Amino acid sequence: MRTPIAYFLILSSILFALGTVGVLIRRNALLIFMSVELQLNAVNLTLIAFSRMHNDLNGQVLAFFSMVVAAAEVVVGLAIIVSVYRRRQTVDVDAARDLRW
Amino acid sequence: MVGALGSEVVVAAPATGAMQLLWLIPALPLAVAGVNLFAGRKLGKGAGWLAVLAVLSSFGLAVASVLQLASLPGDARLFIQHGFDWFAVGNFTVAVDLRLDTLSATMILVVTGIGLLIHLYAVGYMEGDPRYGRFFAYLNLFVFFMLMLVLAENYLLLYLGWEGVGLCSYLLIGFWFEKTENANAAKKAFVTTRIGDTAMLIGLALIVAKFGTLDYAAVFGAAGSVLTKGTATTIALLLFAGAVGKSAQIPLHVWLPDAMAGPTPVSALIHAATMVTAGVYLVIRSSVIFEISGTALVVVTVIGLATLLFAGLCAIGQDDIKRVLAYSTISQLGYMFVAAGLRAYTAALFMLVAHAFYKALMFLGAGSVMHGMHEETDMKKMGGLIRRMPVTGWTFVIGALALAGLPPLAGFFAKDQILEIANQTGRQWVYVLGTLGAIISALYIGRLIFLTFFGRARTEEAEHAHESPWVMTIPLLALSLGAAFLGVLVQRSPEGPFSIWAESAVGTPPAGEFGLPVAALSTIAAAISVLTLAATWAIYASGRIDWMALRVRLAPIQRLFANGWYVDDYYSTILVAPGKAAAAFTASVVDAKIIDGAMNGIGVGTRRLASVGRKLQTGYVRTYAAAIFLGGVGILVYLGFRI
Amino acid sequence: MSRLLTLTTFLPLAGLVVLGVGGRALKDDAARAITLVVTLGAFVLSLAIIGRFDPAQAGFQLVERASWVESIGLSYYVGVDGISLWMVVLTTFLFPVAVLASWRVDKDVRLYMGAMLLLETAVVGSFVALDLLLFFVFFEAILVPMYLLIGGWGGERRIYAAVKFFLFTMAGSAFLLLATIFLYSRSGVALGGGNTFSLPQLVQVAGTLPAATARWLFLGFFVAFAVKVPIFPLHTWLADAHTEAPTAGSVLLAGVLLKVGTYGLIRFNLALFPEAAKYFATFVSILAVIGIIYGAVCALIQTDIKRLVAYSSVSHLGFVVLGIFAFTQQGITGGVLQMVNHGLATGALFLLVGMVYERTHTRDLGKMGGLATVMPWLTGAFLFAVFASVGLPGLSSFVGEFLVIVGTFGVSHWFGSLAALAVILAAIYLLWSYQRMAYGPVHDEHRTLPDVSLREVVVLAPVLALLLVFGVYPKLLTDRIEPATTAVIRHVAPEGQTTDVGNGVGIEVASVEPGGTG
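Sequence lines, in order, name chains A, B and C.
Per our numbering: the first sequence ends with 140, consecutive numbering throughout.
Per our numbering: the second sequence ends with 773, consecutive numbering throughout.
Per our numbering: the third sequence ends with 593, consecutive numbering throughout.
Hints listed in this document are in silico derivations from the structure and should not be mistaken for laboratory results.
As the structure is a computational prediction, the values presented were derived from the model and not from experiment.
For each residue, glycine too, the CB sits at the ideal point set by N, CA and C.
Keep in mind that a hint or two might mislead.
[Unchecked claim] The following label-pair restraints were derived from C-beta to C-beta distances:
1. B:Ile-724 to A:Leu-117: 12 to 20 Å
2. A:Ala-118 to B:Phe-759: 19 to 27 Å
3. B:Lys-172 to C:Glu-520: 49 to 57 Å
4. C:Trp-291 to B:Gly-762: 35 to 43 Å
5. C:Asp-181 to B:Ala-728: 33 to 41 Å
6. C:Glu-231 to B:Ser-741: 24 to 32 Å
7. C:Arg-530 to B:Ile-724: 37 to 45 Å
[Claimed, not checked] Beyond 10 Å from chain B on every Cβ pair, some chain C residues (computed):
8. Thr-435
9. Gly-485
10. Pro-525
[Unchecked claim] A few chain B residues that face chain A, going by a derived Cβ cut-off under 8 Å, partial list only:
11. Thr-425
12. Ala-685
13. Val-751
14. Arg-752
15. Ala-756
16. Phe-759
Please model the complete structure; the sequences and the hints are all you need to start from.
What follows is the structure, given as structure tokens:
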């Protein structure tokens, strides 16, 4: 007997909610970054669950895409965070608010 | 009486002999003007003589053409020379065509003949001027435009000449432009006449709208059937507005006294003999339209009479010898308009010719006086000059007596005949006021000659004045002959040889059926002139009356006359100042604040909106994240409700 | 098939490429020389266009057509008629003059000259384009070099002026683009084929539209061109742009750029929406008359000579618009004639103002005076241009003005008469400004200023000569303009309205030719 899809979705929702809250309340760029990864993985989990439910591999392929893109994004993102840190000696996102009116 | 050209059938004379060269008459001065303009400085004194030569050649050709015209039978005296099409759009064509009939023939003789003498005079008068060549270039250019004005066969070519003489007048009044008042006078002359010209331009547009053409022959031929009385009045009055400006009649007369800022030969040629008479020419030329209207003729008469009296009184109050003559010119032009308004076109034309002689003579005489007195123009500082400069003095006296209407000089016949026609056609009010004008004329001109040439010399300079060189006195002598004998020779009565000559172009003068006998009228006119002159002698030259004391006692009137009844001041308070204020308001409030303000306001508004909107960009990453999150939730909720 | 139009249009662009390739290796003088030669070359080519042009024919000539972007129906489609012919020639004539007049510009010469060349291509392209999108491309391309010229080489407030110029024109163009695309989107259905931007075909398309739609589209086109002309009350950018632009910029702005607006009115508004044009004729004529008087009144009070001439342009361009919307033979022909004449007369005025400015370093009339004493030839030329601009008969502007007045008068006495009043005002403001500049006593610091140089004579002489030639013999122009305006009138004129104020009653002169024996 298969695990019902609802279990996966509930887990995924919890993960996504955790990620979202993390993004919204954390000020450390690295932690925000990790929260974003959490959200991404929540979505990946959903994709895979649905893929299995529908017996369609496209969902898993999409999850791979998502992971690859996420990896690339991490590279760029970390690079930015590092260079911000070098400049300001902090990774507090509220301190980096020069791009505004 | 039939309208001057009303029933005319255009039968142009065969072109042979001198008439074929008609186009050369204006072309020669134009060519020389071009040469003098660009090479005047290199030519030196030759520039003047070259200009004289050009006008002399034109005069010769004009005489030859006129003789040929005169040899034709009376009703065949018309010749039209086609030059080229100026422009042609649709069915509307304006050609450069020249018309020689007895009216334009008379005018070209005046323009080239008197022009020649004045050019000759100017050779002496302008000697030593740094812009000698330029002066003669302008003067010749003027002759060209004036000839185009009178020779034109359509209204637009006339308008070309009309504006062209205005241009030359502008250039020559402001010839000594280093002095600001000369430049002001030049601009005033151009702008004031342009007011009339614009009315005239509208009149031309109306003619085009009614006739589809501007050719005299077509317009005058069709006028009787095309024009209603009302339209004819409108056209006639619009044209007359142009004439009022050019001929310095009330209310556009203000530019002419100031125009005396120009060199004296200019005053003689442009502001006495030729350009200012263009208005009279226009009225005579367009007489067909004026007569259909009828009302317009009355207006012409009234304006002429009013100007005649008004300007005459102003002339009495002037101390500047040239300004007396300027007001006198305005006043005498009034006579011509009175004559034209009475449909006595031959009388108006004869007055025009006679006036050209004696007024040019007096202006040149005044120039000669200034020459001998180191540019002094105040008559109070003259006196007894006739002993120092006899040729100038006596020729001037001839001109003055002609103007005063002393028989048998030209002016007597000219003026007397106008008054005679007024009397005999039953318009006694014109006769009475015209006679009053004659008294005033004799008064101011008597005052002028007695103050200037007789009595005792009142200053050192008057004591030591000297006669002018021969190039200046020869023209004076020649003009004085005309001023003296012209009337006796060609026009001893309104039906004289001159009228018969001009008849084919301007019709016969109206026949008299009322009023006093001719002999009585002539006697009255002669008596008035003699008595008034005697009175002025008694006041200004007999030494028995202290005229300076008289002047002080009559100070308010004297000042009123001297300032031309303060018309200039009224204009500047009523028109110029409010006009300037209105322009300033339009430019700096309406344009800069309201219109540009509204345009810039759009820009400012956009900017304001942006300055509010951009506050949304807080720079806090987490705010953006929250916005994205809420946006995503919002979309999901929306989609959820949709399902 | 002749390639003349393409050559004329893109020769300046080729010059721009040369300047670009040459790069910094090019000396300033070389850049100037190349630009002069290229613009002269374009002028010679345009003379060849006159030579090939058949005056008897009314339609478009020297047409070139090639498909460009087939999928959207965009084609390279150019041709000239009697109206655009003279606009092209006027443009190519004024460019070498303007280049020569900017010989002493020494800041970023290559960029400056490059902008001039790009501008020439854009303007000529606008005049020859017969495809609406192609026209739009050229029309918009005008903005960039002009923006650079004003903003880069202008006076003190050049940035303000440049931005203002850009924004005004851009805003107008947006409506043009919208209306164009709307027409385009209807063309496929109306013609039974693919959509197209071709003008002759869109004329047919526009004919099928309901009247209300056509009126809205008319307004879309109208706003774009009204800004360019400029028609009151959209004129305020002009005074600033003219005042701040460098001499050549002002000359070209007044000489040719404004004409793109009036040309557009004839070419597009009248051709595409004849019914709407009639509907709005009174409205547009009123705006034109207001512009005529208003521009003149504003000019009266200006003390900045360039601003004064700019306002006089508003007044003079009002005449053109008034003539166009009179829908009479004389009115439109006079309007087109006036476009050429205004280009020459006002171009000459701006050239002269520039020369005076180079010497006195002021545009303030109050700080000049007596210049006629120190430089008689320069001020003489100025006076000549002033009188040409005032509309003195015998000089070029008069005939155009008179035809407009007469052509309008036949339709409405009031419009004609009011327009004539501007003639008085023109005399006042131009003569007054001339007097303040040239007459009166000389300022001491101006006593040693030089008169015209040889280069300046070369710049001025052709322009001034043409002012005289076209005043004495405007038939040179009208003979080619007339067939085109006749076609416009046939297309647009209301039934039963007089379209010709002349009646051809002329005196029979055949028998009295000089030397004849009639």
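The hints, checked one at a time:
{"no.": "1", "hint": "B:Ile-724 to A:Leu-117: 12 to 20 Å", "result": "violated (59 Å)"}
{"no.": "2", "hint": "A:Ala-118 to B:Phe-759: 19 to 27 Å", "result": "holds (25 Å)"}
{"no.": "3", "hint": "B:Lys-172 to C:Glu-520: 49 to 57 Å", "result": "violated (31 Å)"}
{"no.": "4", "hint": "C:Trp-291 to B:Gly-762: 35 to 43 Å", "result": "holds (40 Å)"}
{"no.": "5", "hint": "C:Asp-181 to B:Ala-728: 33 to 41 Å", "result": "holds (40 Å)"}
{"no.": "6", "hint": "C:Glu-231 to B:Ser-741: 24 to 32 Å", "result": "holds (27 Å)"}
{"no.": "7", "hint": "C:Arg-530 to B:Ile-724: 37 to 45 Å", "result": "holds (43 Å)"}
{"no.": "8", "hint": "Thr-435", "result": "holds (18 Å)"}
{"no.": "9", "hint": "Gly-485", "result": "violated (5 Å)"}
{"no.": "10", "hint": "Pro-525", "result": "holds (17 Å)"}
{"no.": "11", "hint": "Thr-425", "result": "violated (75 Å)"}
{"no.": "12", "hint": "Ala-685", "result": "violated (78 Å)"}
{"no.": "13", "hint": "Val-751", "result": "holds (4 Å)"}
{"no.": "14", "hint": "Arg-752", "result": "holds (6 Å)"}
{"no.": "15", "hint": "Ala-756", "result": "holds (6 Å)"}
{"no.": "16", "hint": "Phe-759", "result": "holds (6 Å)"}
Checked against the numbered hints given earlier, the structure breaks hints 1, 3, 9, 11 and 12 and satisfies all the rest.
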